[in-house]
Amino acid sequence: MAFLSNAEEAVLLGDPIWQDRYARAIARGITDYFKDEGG
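At the far end of the sequence shown sits residue 43, using our numbering, and the numbering has no gaps.
It should be emphasised that the hints constitute simulated quantities derived from the structure, not laboratory data.
All C-beta atoms, glycine included, are put in the ideal place defined by N, C-alpha and C.
The reader is advised that the hints may include incorrect statements.
[Claimed, not checked] The following label-pair restraints were derived from C-beta to C-beta distances:
no., residue 1, residue 2, range
1, Arg32, Ser9, 23 to 29 Å
2, Glu13, Tyr37, 22 to 28 Å
3, Gly42, Ala11, 19 to 25 Å
4, Thr35, Glu12, 25 to 31 Å
5, Ile30, Asn10, 28 to 34 Å
6, Ile34, Phe7, 17 to 23 Å
7, Glu41, Pro20, 14 to 20 Å
8, Glu41, Ser9, 29 to 35 Å
9, Ala6, Glu41, 24 to 30 Å
10, Ala14, Gly42, 16 to 22 Å
11, Glu12, Asp40, 29 to 35 Å
12, Ala6, Asp36, 19 to 25 Å
13, Gly42, Ser9, 24 to 30 Å
Please take these sequences and the hints and turn them into a complete structure.
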């Protein structure tokens, strides 16, 4: 997770490459959760 109140993280949030990696990690986590739950 990242926060705008953290200067270093705020810079990352504006980086399209970092945004893509972060979005993929979130999607992977959701997918893994539902696989583990049998859904």
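Here's how the hints hold up against the structure:
| no. | hint | result |
| --- | --- | --- |
| 1 | Arg32 x Ser9: 23 to 29 Å | 26 Å, holds |
| 2 | Glu13 x Tyr37: 22 to 28 Å | 24 Å, holds |
| 3 | Gly42 x Ala11: 19 to 25 Å | 42 Å, violated |
| 4 | Thr35 x Glu12: 25 to 31 Å | 28 Å, holds |
| 5 | Ile30 x Asn10: 28 to 34 Å | 18 Å, violated |
| 6 | Ile34 x Phe7: 17 to 23 Å | 21 Å, holds |
| 7 | Glu41 x Pro20: 14 to 20 Å | 32 Å, violated |
| 8 | Glu41 x Ser9: 29 to 35 Å | 33 Å, holds |
| 9 | Ala6 x Glu41: 24 to 30 Å | 26 Å, holds |
| 10 | Ala14 x Gly42: 16 to 22 Å | 39 Å, violated |
| 11 | Glu12 x Asp40: 29 to 35 Å | 32 Å, holds |
| 12 | Ala6 x Asp36: 19 to 25 Å | 20 Å, holds |
| 13 | Gly42 x Ser9: 24 to 30 Å | 38 Å, violated |
The structure fails hints 3, 5, 7, 10, 13 (numbered hints given earlier, in ascending order).
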